[in-house]
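Starting from the given sequences, assemble the full structure and let the hints guide the process.
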Amino acid sequence: MDAAAPLFRMEGVSKRYGGVRALEDAELTVHGGRVHAILGENGAGKSTLIKVMAGVVAPDKGRMTLEGNDVSFPDPAAANRAGVVCIFQELSLIPDLSVADNIVISNPPKRFGLIDRRAQRRIAEDALARAGGEDIHPLAPVKDLPLSRRQIVEIAKALARKPRILILDEATSALTAADVVKVFAVLKRLRSEGLALLYISHRMHEIAEIADECTVFRNGRNVATYLAGTKTDNEVVEMMIGREYSHVFPPKQAAAADKPPVLDVRNLSWTQRLREISLSARAGEVVGLGGLDGQGQRELLLALFGVLKGVSGEILIDGKPTSITSPRVAKRKQIGMALIPEDRKTEGLMLPMAVCDNLSFAAIDRLSRGGIIDRPAERKAIDEMIKLLAIRTDGVNVPVGSLSGGNQQKVVIAKWLMVSPRIILLNDPTRGIDVGTKQEIYQLLRRLADSGAAIIFYSTDYDELIGCCNRVLVLYDGAVKRTLVEDEITERALIASALNIATDQVGAGLKPAVNA
Amino acid sequence: MSDWRYRLAEQRGTLLAVGIFLVMFVIYVSNHPAGFTANVVQTAANKGVLLALVAMAQTLVVLTAGIDLSVGMTFIFTNCLASYIVTGPMGTALLGVVGVLVAGLLCGALNGLIVIYGRLQPIVTTIATGSIYYGIALWLRPQPGSSDDFNSDIADLMTSQLPGGIPMSLVTLLLVVLVVWLPFRRSAVGRAVYAVGSSEVAAYMSGVPIQRAKFVAYTLSGLLSAMGGLYVTFITYSGEASFAGGSNYTLYSIAAVVLGGVSLFGGVGSAVGAIFGALAFRTIGDLIFVFDLEPLWQTLFQGVVLLLAVCVSSVRLLQVRNRLDLFS
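The listed protein sequences derive, respectively, from chains A and B.
For the first sequence, my numbering begins at 1 and goes up steadily by one.
For the second sequence, my numbering begins at 517 and goes up steadily by one.
It is possible that some hints are incorrect.
SDA-like mimics (lysine to any residue), calculated; alpha carbons at most 20 Å apart, straight line [unchecked claim]:
{"#": "1", "chain 1": "A", "residue 1": "Lys309", "chain 2": "B", "residue 2": "Leu834"}
{"#": "2", "chain 1": "A", "residue 1": "Lys309", "chain 2": "B", "residue 2": "Asn838"}
{"#": "3", "chain 1": "A", "residue 1": "Lys143", "chain 2": "B", "residue 2": "Arg521"}
{"#": "4", "chain 1": "A", "residue 1": "Lys143", "chain 2": "B", "residue 2": "Lys563"}
{"#": "5", "chain 1": "A", "residue 1": "Lys143", "chain 2": "B", "residue 2": "Val836"}
{"#": "6", "chain 1": "A", "residue 1": "Lys110", "chain 2": "B", "residue 2": "Val836"}
{"#": "7", "chain 1": "A", "residue 1": "Lys143", "chain 2": "B", "residue 2": "Ser779"}
{"#": "8", "chain 1": "A", "residue 1": "Lys143", "chain 2": "B", "residue 2": "Arg523"}
According to the in silico footprint, chain A covers these stretches of chain B (three or more CB under 8 Å from chain A) [claimed, not checked]:
{"#": "9", "stretch": "519 to 526"}
{"#": "10", "stretch": "708 to 715"}
To be clear, the hints were calculated from the coordinates, so they are not data collected in a lab.
Positions of the beta carbon are idealized from the N, C-alpha and C atoms, including for glycine.
Next comes the structure, spelled out in structure tokens:
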């Protein structure tokens with residue numbers, strides 16, 4: 001397969017974020033005129049890999065060569081000049097500028113030192129036509145376009161830069177099936193023109209259709225490279241499995257099946273992002289949300305918590321239809337809901353404020369009488385929480401920003417425990433915190449469930465879903481694709497359903513649910 | 517949709533500002549005891565152009581999603597400087613004019629450098645530098661006044677009436693738009709300024725020269741403030757280090773920018789809109805006189821009109837589907 005000299009090569013590339021190892025001695029070889037697919041589960045290092053290639057993050061060590069010459073990209077512009085262009089998962093379009101402005105943004109055509117609008121228009125129309133977006137008006141502002149059209153504009157923008165290596169990171173995830181057909185026709189033409197295409201996707205059937213070769217990443221390393229079509233889906237899933245188990249989970253308790261659900265959601269939909277989601281959770285139950293990142297899990301939690309407008313469907317609390325219109329309503333006693341948000345630094349904490357202030361924010365109305373905060377009661381509640389969660393802090397008056405990540409996360413959780421919630425929504429609460437604190441959080445979840453809370457738990461770490469949950473709903477494209485119950489929750493089943501592919505009967509390769 | 521509808525939509529804020537201005541101005545002249553005469557227009561234009569220049573200066577920084585609280589003080593500082601160096605025969609006086617503009621340019625460049633390399637917030641940076649510029653102004657002109665050989669010929673020329681009663685100040689403003697704004701708007705760096713203001717992350721990911729864009733925006737802002745400072749010298753023949761004057765120009769420039777359809781979140785708007793915002797804002801202030809109301813009511817009246825105008829532009833927030841977007 002290495003008949004021709006490689007166009008691009010990276011060797012021994014490593015990258016750490018704090019203590020987390022994102023890439024470890026990774027290697028990749030890219031040839032012109034081929035589509036190279038990159039596979040791997042959440043956190044396997046795919047995103048970091050392409051960020052290094054595109055000049056967004058600098059690797060700690062390693063070497064990259066383009067046509068045999070050493071290269072390094074200090075910023076995205078440098079990568080672009082070398083012909084490496086990336087279409088990122090988070091869109092890189094500028095919302096207030098027009099489609100044409102965006103397409104030529106990195107290198108607008110000039111005449112007498114000023115932007116030549118006619119030439120720009122020509123380039124934009126050309127690029128749109130090549131990307132299959134003839135129907136998009138070049139003067140339309142990007143912010144007015146639906147997501148699928150924006151994605152086409154992203155591709156047009158990349159093409160206008162005349163790339164030699166084009167990286168597509170989940171570039172089709174927002175596209176309709178008809179759009180994907182168009183884009184694939186474009187990609188196939190580009191391949192025949194000699195471009196190297198790197199294709200990152202979780203849609204296995206797309207990879208089967210377009211890829212020439214595939215590389216699987218796991219734990220920040222490339223574990224296998226093979227020609228497309230030489231491995232079955234099952235073998236691919238097998239290669240993706242094999243994370244290091246480092247967590248200890250408390251034993252699960254089955255929730256009493258006779259109790260009615262505390263939270264019952266029926267046919268919840270929101271714009272194009274959530275589709276007809278139904279779920280229920282009884283007291284004492286931990287319901288997991290699985291699937292690849294960005295399949296609507298975050299939106300689902302926000303919808304339940306009253307943050308989204310225009311949500312259709314029904315939410316029943318204790319069997320009664322309830323309308324939750326804001327987080328303020330959600331935390332009322334009758335509902336008793338709490339959301340531990342994804343990004344503790346922006347949505348969970350006021351970083352410069354003291355630990356004690358942060359702890360009492362959500363419960364402030366319970367701790368005050370006639371609008372005046374009852375200091376002794378507040379103090380007592382705070383001390384209880386600090387003891388309950390074993391928050392390590394130099395007193396309650398230090399800024400919460402000075403605590404370690406794990407202790408910050410405990411403060412976020414404690415803040416919501418102070419309102420004694422009955423329904424607890426958690427959005428990937430253990431991301432970026434140390435193993436010890438993770439284990440404390442698992443214990444805490446179990447205790448909360450045992451004391452009668454219903455817990456909805458989204459995690460990008462499959463081990464956590466396996467170790468903590470009574471049931472897991474796997475989301476794909478904003479809809480529940482599969483519900484796994486108790487022993488069905490295995491890594492194989494989670495990955496297969498996250499990728500939306502059918503594997504052999506899950507019963508065949510059952511692994512123990514909890515590995516110590 | 518055809519091209520012209522997109523172009524129209526892009527200019528919506530500017531057109532709205534033109535509309536507000538026209539309504540206010542028609543009310544103003546039709547109630548003015550002297551009616552629509554060259555002198556009424558002249559007076560209105562001279563006052564309006566000062567704020568218009570400062571509002572253009574503010575626009576450039578606001579487009580980058582920053583804010584410049586030193587525009588008024590740069591205006592005052594260059595006014596005081598001009599009263600010293602726009603002196604003598606025509607030749608040296610013109611050199612003085614260039615000197616004043618360069619001084620403004622440097623004020624803006626300093627703001628830009630601190631914001632870019634010091635990574636300080638624009639609001640704090642410009643409060644601090646604004647105080648410095650005011651300090652220099654006060655040092656130059658502890659008392660209002662001007663040099664004995666102040667060149668009043670230039671001043672008279674720049675505030676004169678052209679044949680047909682067209683005020684020279686408006687012609688100058690038009691020239692500034694043609695020579696400074698339009699080329700900027702159509703340059704690559706101008707587009708970079710919009711890109712940075714609209715989404716700095718996306719701009720970075722697209723390889724847009726972010727630092728150059730900000731530097732140019734702040735520097736041009738200083739230049740435009742200096743043009744305002746120069747013009748006020750032409751009108752008053754003197755320099756005055758007025759703290760209240762500087763602060764008012766700063767605050768009014770922000771009001772004018774918002775009236776002119778420039779988004780304080782950056783990336784949207786045009787200096788032309790800001791000019792009409794400034795003219796409209798001035799006219800609102802003058803309405804009080806033609807209606808013979810107590811001057812005491814002026815700021816209250818201005819405030820109410822400003823609020824109403826701003827409400828019109830925030831209607832789009834009703835369409836937000838994810839409430840978290842309201843805060844970003």
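A quick look at each hint next to the structure:
Between Lys309 (chain A) and Leu834 (chain B) the CA atoms are separated by roughly 10 Å; this keeps the pair inside 20 Å, and the hint holds. With a CA separation close to 6 Å, the supplied pair Lys309 (chain A) and Asn838 (chain B) stays within the 20 Å bound. A distance of roughly 16 Å separates the Cα atoms of Lys143 (chain A) and Arg521 (chain B); the hinted pair therefore holds under the 20 Å criterion. Between Lys143 (chain A) and Lys563 (chain B) the alpha-carbon distance is near 38 Å, which puts this suggested pair outside the 20 Å criterion.
The straight-line distance between the Cα atoms of Lys143 (chain A) and Val836 (chain B) is roughly 12 Å, inside the 20 Å bound, and the hint therefore holds. Distance check on the hinted pair: Lys110 (chain A) and Val836 (chain B) sit about 37 Å apart at the alpha-carbon level, beyond 20 Å; violated. Taken as a hint, the Lys143 (chain A) and Ser779 (chain B) pair is honoured in the structure, with Cα atoms around 15 Å apart against an allowance of 20 Å. At roughly 15 Å between alpha-carbon atoms, Lys143 (chain A) and Arg523 (chain B) fall within 20 Å of each other, so this suggested pair holds.
A stretch counts as covered by a chain when three or more of its residues have a beta carbon under 8 Å from one of that chain; for the stretch 519 to 526 of chain B and chain A the count is 5, and the coverage holds. Remark: the stretch 708 to 715 of chain B is confirmed as covered by chain A, as 5 of its residues place a Cβ nearer than 8 Å to a Cβ of that chain, reaching the required three.
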